[in-house]
Amino acid sequence: SMDADEARAIGWKLRRIRDSRGKSLRVIAELAGMSASTLHRIEHGERSVTIPEIVALANALEIGPSELTRLPVPAPANGHTDSTTEAVRLALDSVEDDQPDGLVLPLEVLADQVAQIATHRRACRFAEVATALPMLIRNLHTTLATGTDHGELLDLAVHLHVHVTRMWLVHAAAPTDLLRRIVFLAQRLARERDDATTLAAAGFGVADELLLAGAFTRGRAKLDSITLPPATAETAGLVAQLLATHATAAVLEGRPNDATAPMDAAAQIADRFSAMGDVDSFGFVFGPTNAAQQRMWLALEANDPDQAVSLAQNVNPERHRYPVNRAYYWVHYGRALAQLRSRTDDAVAALRMAEDIFPTAVRRNPLVRDVVATLLPAAGRDAVGMELRGLAHRSGLMV
1 SMDADEARAI GWKLRRIRDS RGKSLRVIAE LAGMSASTLH RIEHGERSVT IPEIVALANA
61 LEIGPSELTR LPVPAPANGH TDSTTEAVRL ALDSVEDDQP DGLVLPLEVL ADQVAQIATH
121 RRACRFAEVA TALPMLIRNL HTTLATGTDH GELLDLAVHL HVHVTRMWLV HAAAPTDLLR
181 RIVFLAQRLA RERDDATTLA AAGFGVADEL LLAGAFTRGR AKLDSITLPP ATAETAGLVA
241 QLLATHATAA VLEGRPNDAT APMDAAAQIA DRFSAMGDVD SFGFVFGPTN AAQQRMWLAL
301 EANDPDQAVS LAQNVNPERH RYPVNRAYYW VHYGRALAQL RSRTDDAVAA LRMAEDIFPT
361 AVRRNPLVRD VVATLLPAAG RDAVGMELRG LAHRSGLMV
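With the first letter of the sequence shown counted as 1, position 329 gets the number 329 in the working numbering; the numbers rise by one all the way through.
Calculated from the structure, these hints are not laboratory results.
Keep in mind the model is a prediction, meaning the values are calculated, not measured.
Each hint can be trusted.
Think about it this way: if two alpha-carbon atoms lie no more than 16 angstroms apart in a straight line, the pair counts; the simulated EDC-like pairs of lysine to aspartate or glutamate are:
no., residue 1, residue 2
1, K23, E62
2, K13, E62
3, K13, E46
4, K13, D177
5, K13, E53
6, K13, E67
Beta-carbon label-pair distances, calculated as ranges:
no., residue 1, residue 2, range
7, L340, T227, 36 to 46 angstroms
8, P366, H44, 21 to 31 angstroms
9, L367, T227, 30 to 40 angstroms
10, N59, Q99, 36 to 46 angstroms
11, P366, P323, 19 to 29 angstroms
12, T217, R26, 18 to 28 angstroms
13, D264, Q99, 42 to 52 angstroms
14, P377, G151, 52 to 62 angstroms
15, A261, L107, 32 to 42 angstroms
16, G380, E318, 27 to 37 angstroms
17, A373, R8, 16 to 26 angstroms
18, L367, P323, 18 to 28 angstroms
19, G151, T227, 12 to 22 angstroms
Glycine is no exception: its CB is placed at the ideal position from the N, C-alpha and C atoms.
I would like the entire structure built from these sequences, with the hints used as guidance.
Rendered as C-alpha coordinates:
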(Lines of atoms letter the chains of each structure in order from A and count residues from 1; the text may use other names and numbers.)
(Lines give C-alpha, C1' and ligand atoms only; values in the text may rest on other atoms or scores of the structure.)
Protein backbone atom coordinates (compact mmCIF):
# COMPACT_ATOMS: atom_id res chain seq x y z
CA SER A 1 0.00 0.00 0.00
CA MET A 2 1.06 3.59 -0.55
CA ASP A 3 0.17 6.47 1.74
CA ALA A 4 -0.67 9.98 0.57
CA ASP A 5 2.74 11.39 1.51
CA GLU A 6 4.56 8.75 -0.53
CA ALA A 7 2.26 9.33 -3.51
CA ARG A 8 3.00 13.06 -3.38
CA ALA A 9 6.76 12.40 -3.05
CA ILE A 10 6.78 10.12 -6.10
CA GLY A 11 4.68 12.61 -8.06
CA TRP A 12 7.07 15.43 -7.22
CA LYS A 13 10.08 13.38 -8.30
CA LEU A 14 8.35 12.41 -11.55
CA ARG A 15 7.57 16.01 -12.43
CA ARG A 16 11.06 17.23 -11.48
CA ILE A 17 12.87 14.54 -13.51
CA ARG A 18 10.53 14.95 -16.49
CA ASP A 19 11.09 18.72 -16.48
CA SER A 20 14.87 18.32 -16.20
CA ARG A 21 14.82 16.12 -19.30
CA GLY A 22 12.65 18.56 -21.24
CA LYS A 23 9.97 15.93 -21.89
CA SER A 24 6.30 16.80 -22.18
CA LEU A 25 3.69 15.17 -19.99
CA ARG A 26 2.01 13.70 -23.09
CA VAL A 27 5.21 12.09 -24.41
CA ILE A 28 6.11 10.42 -21.10
CA ALA A 29 2.51 9.28 -20.57
CA GLU A 30 2.45 7.65 -24.01
CA LEU A 31 5.80 5.93 -23.44
CA ALA A 32 4.51 4.61 -20.11
CA GLY A 33 1.25 3.40 -21.62
CA MET A 34 -1.10 5.71 -19.73
CA SER A 35 -3.15 8.81 -20.44
CA ALA A 36 -1.80 12.30 -19.94
CA SER A 37 -4.56 13.00 -17.42
CA THR A 38 -3.52 9.95 -15.36
CA LEU A 39 0.10 11.08 -15.32
CA HIS A 40 -1.01 14.60 -14.36
CA ARG A 41 -2.91 13.21 -11.37
CA ILE A 42 0.10 11.07 -10.35
CA GLU A 43 2.50 14.01 -10.60
CA HIS A 44 0.24 16.13 -8.40
CA GLY A 45 -0.16 13.43 -5.75
CA GLU A 46 -3.86 13.00 -6.52
CA ARG A 47 -3.51 9.31 -7.36
CA SER A 48 -1.30 6.54 -6.01
CA VAL A 49 0.90 4.65 -8.44
CA THR A 50 1.37 0.89 -8.70
CA ILE A 51 4.71 -0.91 -8.92
CA PRO A 52 4.19 -1.77 -12.65
CA GLU A 53 3.39 1.89 -13.31
CA ILE A 54 6.55 2.99 -11.47
CA VAL A 55 8.61 0.63 -13.63
CA ALA A 56 6.90 1.87 -16.83
CA LEU A 57 7.42 5.52 -15.90
CA ALA A 58 11.04 4.90 -14.93
CA ASN A 59 11.65 3.23 -18.29
CA ALA A 60 10.01 6.16 -20.07
CA LEU A 61 12.30 8.59 -18.24
CA GLU A 62 15.34 6.31 -18.68
CA ILE A 63 16.02 6.11 -14.95
CA GLY A 64 15.99 3.35 -12.36
CA PRO A 65 12.69 2.66 -10.54
CA SER A 66 14.39 3.30 -7.20
CA GLU A 67 14.90 6.94 -8.20
CA LEU A 68 11.13 7.41 -7.90
CA THR A 69 10.46 5.48 -4.72
CA ARG A 70 11.10 6.74 -1.25
CA LEU A 71 14.27 5.52 0.39
CA PRO A 72 13.69 3.13 3.28
CA VAL A 73 14.17 4.06 6.90
CA PRO A 74 17.94 3.70 7.25
CA ALA A 75 19.41 0.86 9.22
CA PRO A 76 20.85 1.57 12.68
CA ALA A 77 24.36 3.04 12.91
CA ASN A 78 24.15 4.69 9.49
CA GLY A 79 25.50 8.00 10.76
CA HIS A 80 22.02 9.51 11.35
CA THR A 81 21.88 10.23 7.63
CA ASP A 82 18.37 11.61 7.30
CA SER A 83 18.55 13.83 10.38
CA THR A 84 21.84 15.31 9.17
CA THR A 85 20.42 15.89 5.70
CA GLU A 86 17.62 17.89 7.32
CA ALA A 87 20.11 19.71 9.58
CA VAL A 88 22.14 20.71 6.50
CA ARG A 89 18.95 21.98 4.86
CA LEU A 90 18.13 24.07 7.94
CA ALA A 91 21.68 25.44 8.06
CA LEU A 92 21.38 26.53 4.43
CA ASP A 93 18.03 28.16 5.18
CA SER A 94 19.70 30.13 7.95
CA VAL A 95 22.63 31.12 5.72
CA GLU A 96 20.29 32.35 3.00
CA ASP A 97 18.34 34.30 5.62
CA ASP A 98 21.62 35.93 6.77
CA GLN A 99 21.21 34.37 10.21
CA PRO A 100 23.54 31.34 10.28
CA ASP A 101 23.53 31.42 14.12
CA GLY A 102 26.99 29.91 14.49
CA LEU A 103 30.18 30.88 16.30
CA VAL A 104 32.82 33.33 15.13
CA LEU A 105 36.06 31.34 15.02
CA PRO A 106 39.62 32.17 13.90
CA LEU A 107 40.46 31.37 10.30
CA GLU A 108 43.10 28.84 11.38
CA VAL A 109 40.59 26.92 13.52
CA LEU A 110 38.04 26.78 10.71
CA ALA A 111 40.69 25.72 8.19
CA ASP A 112 41.75 22.86 10.48
CA GLN A 113 38.12 21.79 10.91
CA VAL A 114 37.48 21.81 7.17
CA ALA A 115 40.65 19.79 6.54
CA GLN A 116 39.66 17.29 9.23
CA ILE A 117 36.10 16.80 7.97
CA ALA A 118 37.38 16.38 4.40
CA THR A 119 39.71 13.66 5.65
CA HIS A 120 36.85 11.97 7.51
CA ARG A 121 34.72 11.92 4.35
CA ARG A 122 37.45 10.42 2.22
CA ALA A 123 38.11 7.83 4.92
CA CYS A 124 34.38 6.86 4.86
CA ARG A 125 33.94 7.99 8.46
CA PHE A 126 30.37 8.89 7.65
CA ALA A 127 29.08 9.39 11.20
CA GLU A 128 31.90 11.80 12.06
CA VAL A 129 31.08 13.96 9.04
CA ALA A 130 27.37 13.86 9.87
CA THR A 131 28.07 14.98 13.44
CA ALA A 132 30.25 17.94 12.50
CA LEU A 133 28.94 19.19 9.15
CA PRO A 134 25.79 21.23 10.00
CA MET A 135 27.48 23.27 12.74
CA LEU A 136 30.63 23.76 10.65
CA ILE A 137 28.48 25.27 7.89
CA ARG A 138 26.90 27.63 10.42
CA ASN A 139 30.22 28.60 12.04
CA LEU A 140 31.99 29.22 8.74
CA HIS A 141 29.23 31.41 7.37
CA THR A 142 28.85 33.28 10.66
CA THR A 143 32.57 34.07 10.61
CA LEU A 144 32.39 34.96 6.92
CA ALA A 145 29.74 37.59 7.70
CA THR A 146 32.17 39.48 9.97
CA GLY A 147 34.26 40.54 6.98
CA THR A 148 37.53 39.48 8.61
CA ASP A 149 39.87 37.35 6.43
CA HIS A 150 37.12 37.55 3.86
CA GLY A 151 38.98 36.24 0.82
CA GLU A 152 40.50 33.28 2.64
CA LEU A 153 37.14 32.41 4.21
CA LEU A 154 35.42 32.55 0.82
CA ASP A 155 37.98 30.07 -0.55
CA LEU A 156 37.47 27.87 2.50
CA ALA A 157 33.68 27.92 2.13
CA VAL A 158 33.91 26.95 -1.54
CA HIS A 159 36.27 24.12 -0.58
CA LEU A 160 33.88 22.88 2.13
CA HIS A 161 30.80 22.91 -0.07
CA VAL A 162 32.40 21.39 -3.19
CA HIS A 163 34.43 18.67 -1.47
CA VAL A 164 32.46 17.87 1.69
CA THR A 165 28.90 19.16 1.81
CA ARG A 166 27.96 18.17 -1.71
CA MET A 167 29.77 14.85 -1.62
CA TRP A 168 28.32 13.91 1.76
CA LEU A 169 24.84 14.58 0.38
CA VAL A 170 25.63 12.47 -2.70
CA HIS A 171 26.67 9.56 -0.48
CA ALA A 172 23.45 10.03 1.51
CA ALA A 173 21.30 10.01 -1.68
CA ALA A 174 19.94 13.43 -0.71
CA PRO A 175 17.27 15.13 -2.84
CA THR A 176 18.54 16.79 -6.01
CA ASP A 177 17.18 20.18 -4.99
CA LEU A 178 19.42 20.20 -1.92
CA LEU A 179 22.47 19.23 -3.97
CA ARG A 180 21.78 22.07 -6.36
CA ARG A 181 21.44 24.55 -3.52
CA ILE A 182 24.91 23.58 -2.34
CA VAL A 183 26.66 23.96 -5.70
CA PHE A 184 24.93 27.23 -6.52
CA LEU A 185 25.84 28.56 -3.07
CA ALA A 186 29.48 27.65 -3.75
CA GLN A 187 29.24 29.43 -7.10
CA ARG A 188 27.88 32.60 -5.48
CA LEU A 189 30.72 32.57 -2.96
CA ALA A 190 33.28 32.06 -5.74
CA ARG A 191 31.86 34.98 -7.70
CA GLU A 192 32.19 37.15 -4.62
CA ARG A 193 35.81 36.00 -4.29
CA ASP A 194 36.36 36.72 -8.01
CA ASP A 195 39.40 34.50 -8.36
CA ALA A 196 39.67 32.49 -11.59
CA THR A 197 40.75 29.23 -9.97
CA THR A 198 38.15 29.42 -7.19
CA LEU A 199 35.52 30.11 -9.87
CA ALA A 200 36.71 27.05 -11.77
CA ALA A 201 36.45 24.88 -8.66
CA ALA A 202 32.90 26.05 -7.94
CA GLY A 203 31.99 25.79 -11.63
CA PHE A 204 33.04 22.14 -11.61
CA GLY A 205 30.56 21.47 -8.80
CA VAL A 206 27.71 23.12 -10.72
CA ALA A 207 28.52 21.41 -14.02
CA ASP A 208 28.98 17.97 -12.48
CA GLU A 209 25.75 18.22 -10.50
CA LEU A 210 23.71 19.34 -13.51
CA LEU A 211 25.14 16.58 -15.70
CA LEU A 212 24.51 13.82 -13.17
CA ALA A 213 20.97 15.13 -12.57
CA GLY A 214 20.18 14.80 -16.28
CA ALA A 215 20.31 18.51 -17.21
CA PHE A 216 22.84 17.80 -19.94
CA THR A 217 22.49 21.00 -21.97
CA ARG A 218 22.86 23.28 -18.95
CA GLY A 219 25.65 21.16 -17.52
CA ARG A 220 27.68 21.22 -20.71
CA ALA A 221 27.09 24.97 -21.11
CA LYS A 222 28.42 25.57 -17.60
CA LEU A 223 31.40 23.31 -18.26
CA ASP A 224 32.19 25.11 -21.53
CA SER A 225 32.11 28.46 -19.72
CA ILE A 226 34.89 27.49 -17.29
CA THR A 227 38.36 28.76 -18.13
CA LEU A 228 40.89 26.04 -17.38
CA PRO A 229 43.76 27.35 -15.26
CA PRO A 230 47.30 26.33 -16.22
CA ALA A 231 48.16 22.85 -14.98
CA THR A 232 50.60 23.26 -12.11
CA ALA A 233 51.29 21.24 -8.98
CA GLU A 234 48.71 23.41 -7.19
CA THR A 235 45.96 23.02 -9.80
CA ALA A 236 46.67 19.62 -11.39
CA GLY A 237 43.77 17.81 -9.70
CA LEU A 238 41.29 20.55 -10.58
CA VAL A 239 42.37 20.73 -14.23
CA ALA A 240 42.35 16.95 -14.62
CA GLN A 241 38.94 16.71 -12.98
CA LEU A 242 37.48 19.38 -15.27
CA LEU A 243 38.85 17.57 -18.33
CA ALA A 244 37.41 14.28 -17.07
CA THR A 245 34.05 16.01 -16.60
CA HIS A 246 34.13 17.04 -20.27
CA ALA A 247 34.49 13.31 -21.01
CA THR A 248 31.56 12.60 -18.68
CA ALA A 249 29.40 15.13 -20.53
CA ALA A 250 30.22 13.53 -23.88
CA VAL A 251 29.27 10.04 -22.68
CA LEU A 252 26.08 11.16 -20.95
CA GLU A 253 25.00 13.00 -24.11
CA GLY A 254 25.56 9.89 -26.22
CA ARG A 255 28.86 11.06 -27.77
CA PRO A 256 31.33 8.48 -26.40
CA ASN A 257 33.91 9.10 -29.14
CA ASP A 258 34.19 12.72 -27.99
CA ALA A 259 35.20 11.53 -24.52
CA THR A 260 38.57 10.14 -25.63
CA ALA A 261 40.55 13.37 -26.06
CA PRO A 262 39.61 15.08 -22.76
CA MET A 263 40.03 11.82 -20.84
CA ASP A 264 43.47 11.26 -22.37
CA ALA A 265 44.44 14.81 -21.42
CA ALA A 266 43.23 14.28 -17.86
CA ALA A 267 45.23 11.05 -17.57
CA GLN A 268 48.37 12.76 -18.88
CA ILE A 269 48.10 15.47 -16.22
CA ALA A 270 47.52 12.82 -13.54
CA ASP A 271 50.67 10.98 -14.67
CA ARG A 272 52.71 14.17 -14.96
CA PHE A 273 52.02 15.39 -11.44
CA SER A 274 51.59 12.07 -9.63
CA ALA A 275 55.08 12.28 -8.11
CA MET A 276 53.94 15.40 -6.25
CA GLY A 277 50.92 13.66 -4.73
CA ASP A 278 47.36 13.18 -5.93
CA VAL A 279 45.70 16.04 -4.00
CA ASP A 280 46.14 19.60 -5.22
CA SER A 281 45.91 22.73 -3.11
CA PHE A 282 42.25 23.17 -4.09
CA GLY A 283 41.35 19.77 -2.66
CA PHE A 284 40.92 17.83 -5.90
CA VAL A 285 42.06 14.22 -5.99
CA PHE A 286 43.04 12.93 -9.41
CA GLY A 287 46.01 10.60 -9.64
CA PRO A 288 46.69 7.89 -12.23
CA THR A 289 44.47 5.37 -10.44
CA ASN A 290 41.61 7.87 -10.45
CA ALA A 291 42.07 8.33 -14.18
CA ALA A 292 41.95 4.57 -14.78
CA GLN A 293 38.82 4.26 -12.64
CA GLN A 294 37.20 7.16 -14.50
CA ARG A 295 37.72 5.33 -17.80
CA MET A 296 36.03 2.31 -16.26
CA TRP A 297 33.03 4.43 -15.21
CA LEU A 298 32.81 6.04 -18.66
CA ALA A 299 32.64 2.60 -20.30
CA LEU A 300 29.92 1.55 -17.89
CA GLU A 301 27.86 4.68 -18.60
CA ALA A 302 28.39 4.16 -22.34
CA ASN A 303 26.59 0.79 -21.96
CA ASP A 304 29.76 -1.21 -22.54
CA PRO A 305 30.00 -3.39 -19.42
CA ASP A 306 32.50 -5.74 -21.09
CA GLN A 307 34.92 -2.86 -21.56
CA ALA A 308 34.25 -1.61 -18.03
CA VAL A 309 35.10 -5.03 -16.60
CA SER A 310 38.22 -5.29 -18.76
CA LEU A 311 39.41 -1.89 -17.55
CA ALA A 312 38.57 -2.74 -13.94
CA GLN A 313 40.82 -5.77 -14.06
CA ASN A 314 43.76 -3.47 -14.76
CA VAL A 315 43.01 -1.18 -11.81
CA ASN A 316 44.37 -1.99 -8.38
CA PRO A 317 41.88 -0.37 -5.97
CA GLU A 318 44.35 -0.67 -3.10
CA ARG A 319 46.47 1.97 -4.82
CA HIS A 320 43.75 4.51 -4.12
CA ARG A 321 44.86 6.74 -1.30
CA TYR A 322 41.36 7.04 0.16
CA PRO A 323 38.81 4.36 1.13
CA VAL A 324 35.97 6.27 -0.53
CA ASN A 325 37.65 5.80 -3.93
CA ARG A 326 38.18 2.11 -3.23
CA ALA A 327 34.50 1.74 -2.33
CA TYR A 328 33.36 3.32 -5.58
CA TYR A 329 35.73 1.12 -7.58
CA TRP A 330 33.88 -1.93 -6.24
CA VAL A 331 30.49 -0.25 -6.85
CA HIS A 332 31.29 0.38 -10.51
CA TYR A 333 32.87 -3.05 -10.95
CA GLY A 334 29.83 -4.76 -9.38
CA ARG A 335 27.40 -2.84 -11.58
CA ALA A 336 29.37 -3.83 -14.70
CA LEU A 337 29.66 -7.50 -13.70
CA ALA A 338 25.92 -7.68 -13.01
CA GLN A 339 25.27 -6.99 -16.70
CA LEU A 340 27.37 -9.93 -17.90
CA ARG A 341 26.20 -13.52 -18.23
CA SER A 342 27.38 -15.90 -15.53
CA ARG A 343 29.06 -13.14 -13.49
CA THR A 344 26.37 -12.69 -10.83
CA ASP A 345 28.51 -14.27 -8.12
CA ASP A 346 31.37 -11.87 -8.91
CA ALA A 347 28.96 -8.92 -9.01
CA VAL A 348 27.60 -9.73 -5.55
CA ALA A 349 31.13 -10.18 -4.20
CA ALA A 350 32.15 -6.77 -5.60
CA LEU A 351 29.13 -5.01 -4.12
CA ARG A 352 29.77 -6.65 -0.76
CA MET A 353 33.38 -5.41 -0.90
CA ALA A 354 32.03 -1.89 -1.45
CA GLU A 355 29.54 -2.28 1.40
CA ASP A 356 32.26 -3.42 3.80
CA ILE A 357 34.23 -0.26 3.06
CA PHE A 358 31.38 2.27 2.93
CA PRO A 359 27.98 0.82 3.96
CA THR A 360 25.84 3.94 3.63
CA ALA A 361 26.97 4.88 0.14
CA VAL A 362 26.10 1.37 -1.08
CA ARG A 363 22.80 0.85 0.69
CA ARG A 364 21.41 4.22 -0.34
CA ASN A 365 22.86 4.34 -3.86
CA PRO A 366 19.94 4.17 -6.37
CA LEU A 367 22.12 2.49 -9.00
CA VAL A 368 23.21 -0.25 -6.59
CA ARG A 369 19.65 -0.70 -5.41
CA ASP A 370 18.54 -1.20 -9.01
CA VAL A 371 21.21 -3.87 -9.53
CA VAL A 372 20.24 -5.68 -6.34
CA ALA A 373 16.54 -5.54 -7.22
CA THR A 374 17.29 -6.95 -10.69
CA LEU A 375 19.40 -9.83 -9.38
CA LEU A 376 17.16 -10.70 -6.45
CA PRO A 377 14.43 -12.75 -8.23
CA ALA A 378 17.01 -15.27 -9.46
CA ALA A 379 18.85 -15.53 -6.12
CA GLY A 380 19.42 -19.12 -5.09
CA ARG A 381 19.71 -20.68 -1.65
CA ASP A 382 23.47 -20.86 -1.81
CA ALA A 383 25.97 -18.56 -0.08
CA VAL A 384 25.81 -15.96 -2.88
CA GLY A 385 22.02 -15.86 -2.71
CA MET A 386 22.19 -15.36 1.03
CA GLU A 387 24.69 -12.51 0.59
CA LEU A 388 22.44 -10.88 -2.00
CA ARG A 389 19.33 -11.15 0.17
CA GLY A 390 21.28 -9.74 3.10
CA LEU A 391 22.33 -6.75 1.02
CA ALA A 392 18.75 -6.32 -0.20
CA HIS A 393 17.48 -6.38 3.37
CA ARG A 394 20.05 -3.83 4.56
CA SER A 395 19.15 -1.62 1.60
CA GLY A 396 15.45 -1.71 2.47
CA LEU A 397 14.48 -3.77 -0.57
CA MET A 398 13.28 -6.73 1.51
CA VAL A 399 11.41 -6.83 4.80
